[in-house]
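2 protein chains.
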Amino acid sequence: MIHNFNAGPSILPKEVFEEASRAILNFNETGLSILEFGHRTPMFESVVSEAMDLVRELMQLDGNKEVMFLHGGASTQFFQVPMNFLSKDKTAAYLDGGVWGSKAIKEAKLFGNVEVVASSKDRNYSYIPTGYTLPDNAAYFHYTTNNTIEGTQMQGIPSSSVPLIADMSSDILSCGMDFNRFSFIYAGAQKNIGAAGVNLVVADKDFLATGNTAIPSMMDYRQHVANGSMLNTPPVFAIYVCLLTLRWLKKIGGIPAIEKINEQKADLLYSTLASLPMFNLPVPAQDRSKMNAVFTMHDPALEKLFLTRCEEEGMVGIKGHRSVGGFRVSMYNAMPLSSVVDITDLIKDFANKHA
Amino acid sequence: MIHNFNAGPSILPKEVFEEASRAILNFNETGLSILEFGHRTPMFESVVSEAMDLVRELMQLDGNKEVMFLHGGASTQFFQVPMNFLSKDKTAAYLDGGVWGSKAIKEAKLFGNVEVVASSKDRNYSYIPTGYTLPDNAAYFHYTTNNTIEGTQMQGIPSSSVPLIADMSSDILSCGMDFNRFSFIYAGAQKNIGAAGVNLVVADKDFLATGNTAIPSMMDYRQHVANGSMLNTPPVFAIYVCLLTLRWLKKIGGIPAIEKINEQKADLLYSTLASLPMFNLPVPAQDRSKMNAVFTMHDPALEKLFLTRCEEEGMVGIKGHRSVGGFRVSMYNAMPLSSVVDITDLIKDFANKHA
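Line by line, the protein sequences give chains A and B.
With this note's numbering, the residue at position 255 of the first sequence is 255, and numbering never jumps.
With this note's numbering, the residue at position 236 of the second sequence is 236, and numbering never jumps.
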């Protein structure tokens with residue numbers, strides 16, 4: 001039994017793997033592989049439209065929202081967002097809450113003025129900054145809802161009079177929130193939505209209308225909307241995997257159901273770690289991510305033993321990011337509670353043996 | 001039996017589908033799906049490096065070439081190329097030889113001056129323009145080697161004193177040529193290389209060094225090279241399918257072997273069509289594509305009957321592009337000769353019955 005705690009690409013539901021595997025041999029009983037299937041066919045168009053509809057339904061989007069599936073990953077959005085919504089005579093507000101947010105800031109500076117309203121860089125992004133004010137005249141305010149590397153997660157939505165833009169790559173669809181308060185949401189698929197190579201974008205129609213023109217066609221969100229995410233050949237298979245994952249999420253009860261499970265998983269893991277003096281949780285309790293739990297051990301020699309033990313027992317992907325060290329246990333939507341039970345049992349047993 | 005003559009996404013070898021399908025359940029006996037597999041693992045790094053090595057070997061690239069696998073499709077390259085290599089004080093030469101080339105021209109104009117050295121737009125791009133001269137001072141000369149929609153294909157490489165850039169999306173790896181004469185080659189994967197959602201780029205190191213700086217990281221070829229095509233999470237599965245297809249091509253004898261088969265297929269189809277007065281070949285013989293054969297019928301009423309007959313016999317994807325009409329039979333590398341034999345038999349039988 002392998003437990004895949006990878007931070008991304010990461011675990012997806014088993015039935016998604018099974019159906020995707022079948023579709024590569026025979027898509028919808030057509031006798032053709034999904035990999036050789038024309039994207040401008042009614043059958044693939046219905047894949048895209050069903051996936052879009054499921055996003056609308058699961059996120060409870062209002063009628064003013066557009067849904068897109070675009071090539072690339074969040075890193076593509078880091079520059080595509082300011083290319084569309086920033087310019088030399090405008091200022092965008094950014095929260096510098098983690099490595100990925102800081103990369104988004106770097107790209108935005110190529111297109112206009114950036115005001116970093118707050119930063120947690122002083123303590124290696126180990127907490128969520130608070131107490132900042134947003135400039136009234138900002139073109140938008142950009143932040144990362146969940147910091148995959150540092151294991152921090154924003155609680156709630158900041159109150160803002162300027163358009164909100166969020167990178168939700170690593171916690172989208174994992175917990176309820178009023179998604180309609182955002183002008184623009186993007187997420188690389190390879191955590192909670194599907195396979196690597198596609199972005200989900202949810203954008204407000206009115207906000208899209210304020211975007212820059214005279215930008216490359218493939219970068220222009222409005223052109224993607226007008227073409228139903230088929231401005232060019234889309235990442236067909238990656239979108240299909242999104243559809244399968246979205247269907248699974250709906251089937252198990254949508255965001256309310258998965259949120260409960262995600263809370264159980266995170267509570268179990270964090271409370272176990274907090275109860276054992278051997279382990280250290282660098283993130284303050286109120287900022288801890290329910291998707292990526294980051295922890296270290298006070299004794300570096302034990303860290304090596306712990307990693308070996310995890311590997312021996314099929315716990316994959318728990319090594320922390322090189323910028324943080326220690327360990328990271330990612331518990332995305334598709335991660336069953338039983339796997340978190342297994343790793344907490346291992347943690348307790350390890351702590352007992354090496355106390 | 002289904003014959004998939006789709007123009008793209010298009011047929012891939014059966015063994016590629018079979019191995020890709022298995023890898024979605026269990027990648028390399030790891031017990032994990034390729035869809036949940038971390039890209040920064042030695043096993044996936046070896047997927048990327050083997051795919052790059054196979055490209056070098058199959059295309060017989062010299063040591064001055066870099067190979068990249070990048071997000072998106074050829075449409076992404078339409079603007080990424082000029083973003084890197086054109087500017088307001090420079091001029092790029094473009095050949096306007098088809099719908100896709102004209103789209104590349106449109107994107108390039110956003111970044112600098114474009115000189116269209118020749119165009120076949122006057123006759124709906126039904127031929128390859130000749131007799132043009134290239135400006136000595138051009139930053140580069142861009143053309144499309146094979147025009148998927150119009151069924152035309154460049155024969156040989158134009159002599160040029162300026163850096164050559166080619167969009168080879170629909171005929172790469174299908175016939176031998178001195179790929180080292182190009183400064184920059186790109187190709188969307190979904191015809192001869194793999195699945196949709198990834199580009200193959202082959203670029204000259206010296207040429208890359210002349211590129212613009214201060215462009216978005218994800219658009220900067222040099223950053224992709226420096227990071228081994230893992231600047232961000234790459235389209236993992238799409239790259240894996242490329243590897244499988246490249247392995248297949250090597251196994252059957254590489255470009256020399258596939259070129260012979262491609263010539264047999266094209267000769268058979270074109271000679272059959274040319275022998276039947278019912279059919280019309282709009283492209284002059286010397287410009288006909290070996291990948292995409294375009295033809296019409298003199299009697300529009302018969303076209304409908306022909307399409308129905310093809311559908312009845314499992315011939316998929318033969319309807320011509322809406323801008324050209326009639327029919328298009330795509331015969332990419334993975335299309336077996338036997339399928340072309342079957343469709344020519346059908347064509348002859350249809351002509352007999354309706355003569």
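In short, the hints are calculated from the structure, not lab data.
The reader is advised that the hints may include incorrect statements.
All copies of an identical chain are treated as equivalent in the list; a pair is satisfied when it fits inside any one copy or across any two copies.
Keeping only pairs whose Cα atoms sit at most 25 Å apart, straight-line, the calculated BS3-like set for lysine-lysine is [to be verified]:
(1) 103 to 250
(2) 109 to 88
(3) 251 to 205
(4) 106 to 88
(5) 353 to 304
(6) 260 to 250
(7) 348 to 304
(8) 251 to 319
(9) 109 to 353
(10) 251 to 106
This structure is a prediction, so every number in the text was calculated from the model and none was measured.
Quick rundown of the hints versus the structure:
In this homomeric assembly, residue 103 and residue 250 never come within 25 Å of each other (Cα to Cα): the closest approach is 33 Å inside a single copy and 40 Å across copies. For the identical chains of this complex, residue 109 and residue 88 are neighbours both inside a copy (9 Å) and across copies (21 Å), given an alpha-carbon limit of 25 Å. Taking identical chains as interchangeable, the C-alpha atoms of residue 251 and residue 205 are never at most 25 Å apart, the minima being 29 Å within one chain and 51 Å between chains. In the homo-oligomer, the alpha carbons of residue 106 and residue 88 lie at most 25 Å apart both inside one protomer (15 Å) and across protomers (24 Å), since each shortest distance falls under that limit.
For a Cα distance limit of 25 Å, the shortest separation of residue 353 from residue 304 inside one copy, 15 Å, qualifies, whereas the shortest one across copies, 77 Å, does not. Proximity of residue 260 and residue 250 under a CA criterion of 25 Å is satisfied intra-copy only: 14 Å inside one chain copy versus 51 Å between copies. For a Cα distance limit of 25 Å, the shortest separation of residue 348 from residue 304 inside one copy, 16 Å, qualifies, whereas the shortest one across copies, 71 Å, does not. With identical chains, the CA atoms of residue 251 and residue 319 are never at most 25 Å apart, being 32 Å at best within one copy and 38 Å at best between copies.
For the identical chains of this complex, residue 109 and residue 353 are neighbours neither inside a copy (51 Å) nor across copies (68 Å), given an alpha-carbon limit of 25 Å. In the homo-oligomer, the alpha carbons of residue 251 and residue 106 never lie at most 25 Å apart, since the shortest distance is 40 Å inside one protomer and 45 Å across protomers.
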